[in-house]
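Visitor: Which chain is which? The protein sequence lines are A and B, in order.
Numbering of the first sequence is given in the working numbering, commencing with residue 96 and proceeding in unit increments.
Numbering of the second sequence is given in the working numbering, commencing with residue 284 and proceeding in unit increments.
Watch out, some of these pointers could steer you wrong.
[Said to hold, decoys possible] Which residues of chain A face chain B? A few of them, derived with a C-beta cut under 7 Å, are:
id, residue
1, 123
2, 133
3, 134
4, 160
5, 165
6, 167
7, 199
8, 205
[Said to hold, decoys possible] Restricting the straight-line Cα-Cα distance to at most 25 Å, the calculated cross-link-like pairs of lysine to aspartate or glutamate (DMTMM-like) are:
id, chain 1, residue 1, chain 2, residue 2
9, A, 119, A, 152
10, B, 353, A, 199
11, B, 353, B, 298
12, B, 356, B, 344
13, B, 338, A, 152
14, B, 338, B, 298
15, B, 356, B, 298
16, B, 361, B, 335
17, B, 356, A, 158
18, B, 356, A, 199
19, A, 173, A, 157
20, B, 361, A, 152
21, A, 173, A, 158
22, B, 338, B, 309
23, B, 356, B, 389
Since the hints were derived computationally from the structure, they do not count as laboratory data.
No residue lacks a Cβ here, since even glycine has one placed at the ideal position from N, Cα and C.
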Amino acid sequence: DAGVIQSPRHEVTEMGQEVTLRCKPISGHNSLFWYRQTMMRGLELLIYFNNNVPIDDSGMPEDRFSAKMPNASFSTLKIQPSEPRDSAVYFCASSLRVPRTPYEQYFGPGTRLTVT
Amino acid sequence: AQTVTQSQPEMSVQEAETVTLSCTYDTSESDYYLFWYKQPPSRQMILVIRQEAYKQQNATENRFSVNFQKAAKSFSLKISDSQLGDAAMYFCAYRETSGSRLTFGEGTQLTVNP
């Protein structure tokens with residue numbers, strides 16, 4: 096099992112540029128999550144999908160952020176235009192959601208984004 | 284809204300000794316799940332242990348165990364026989380039974396001294 100795969104691992108970009116983060120969940124998992132980790136705000140959920148459908152995007156900071164999951168094996172998080180305050184580590188996680196069980200979320204290695 | 288609080292930003296322990304990390308949470312639900320995740324310097328989030336609120340028995344995983352006090356809404360993590368590899372940031376997390384969203388605490392940075 097390859098685990099959750101994220102790319103790139105590191106991204107440095109200039110303010111105003113578009114940034115696309117990518118995630119490949121564990122095969123067979125039916126839920127996918129995007130988190131952001133900063134020193135100020137800790138770990139916060141941005142959006143999650145069940146069966147490729149966005150369920151809760153209330154954590155998405157603003158319209159500059161968008162996420163898609165075109166199929167069960169791929170998701171993107173896009174920031175356009177990027178700003179310095181978007182600098183953070185972005186995690187993707189996936190799980191096999193079985194209702195009313197303490198199923199585990201498996202995290203990817205994260206993408207460290209730096210916006211200058 | 285549910286909140287998770289870890290009141291110890293940093294903790295340290297001597298190798299081979301025992302340390303307890305604290306976590307409290309606030310919820311109006313009666314059934315839920317609690318988790319401890321470990322984040323070493325590699326920044327990979329790793330599940331350490333989980334607890335189902337309806338179970339009175341405290342969960343254990345080798346050297347890791349929890350003290351779950353439902354009435355007090357407390358969920359502490361005990362690490363026995365601490366090893367250098369236990370050094371990491373530890374996050375407590377909460378999830379409703381019917382939900383998917385994990386709510387994390389602020390984290391506790393654990394240092395293990397040789």
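Visitor: If a hint holds in the structure, say so; if it doesn't, say that too.
Guide: Each hint tested on the structure:
{"no.": "1", "hint": "123", "in the structure": "16 Å, violated"}
{"no.": "2", "hint": "133", "in the structure": "12 Å, violated"}
{"no.": "3", "hint": "134", "in the structure": "10 Å, violated"}
{"no.": "4", "hint": "160", "in the structure": "17 Å, violated"}
{"no.": "5", "hint": "165", "in the structure": "20 Å, violated"}
{"no.": "6", "hint": "167", "in the structure": "16 Å, violated"}
{"no.": "7", "hint": "199", "in the structure": "5 Å, holds"}
{"no.": "8", "hint": "205", "in the structure": "5 Å, holds"}
{"no.": "9", "hint": "119(A) <-> 152(A)", "in the structure": "19 Å, holds"}
{"no.": "10", "hint": "353(B) <-> 199(A)", "in the structure": "21 Å, holds"}
{"no.": "11", "hint": "353(B) <-> 298(B)", "in the structure": "30 Å, violated"}
{"no.": "12", "hint": "356(B) <-> 344(B)", "in the structure": "21 Å, holds"}
{"no.": "13", "hint": "338(B) <-> 152(A)", "in the structure": "32 Å, violated"}
{"no.": "14", "hint": "338(B) <-> 298(B)", "in the structure": "31 Å, violated"}
{"no.": "15", "hint": "356(B) <-> 298(B)", "in the structure": "30 Å, violated"}
{"no.": "16", "hint": "361(B) <-> 335(B)", "in the structure": "17 Å, holds"}
{"no.": "17", "hint": "356(B) <-> 158(A)", "in the structure": "36 Å, violated"}
{"no.": "18", "hint": "356(B) <-> 199(A)", "in the structure": "21 Å, holds"}
{"no.": "19", "hint": "173(A) <-> 157(A)", "in the structure": "12 Å, holds"}
{"no.": "20", "hint": "361(B) <-> 152(A)", "in the structure": "35 Å, violated"}
{"no.": "21", "hint": "173(A) <-> 158(A)", "in the structure": "10 Å, holds"}
{"no.": "22", "hint": "338(B) <-> 309(B)", "in the structure": "18 Å, holds"}
{"no.": "23", "hint": "356(B) <-> 389(B)", "in the structure": "17 Å, holds"}
When the structure is compared with the earlier hints, violations turn up for hints 1, 2, 3, 4, 5, 6, 11, 13, 14, 15, 17 and 20 and for no others.
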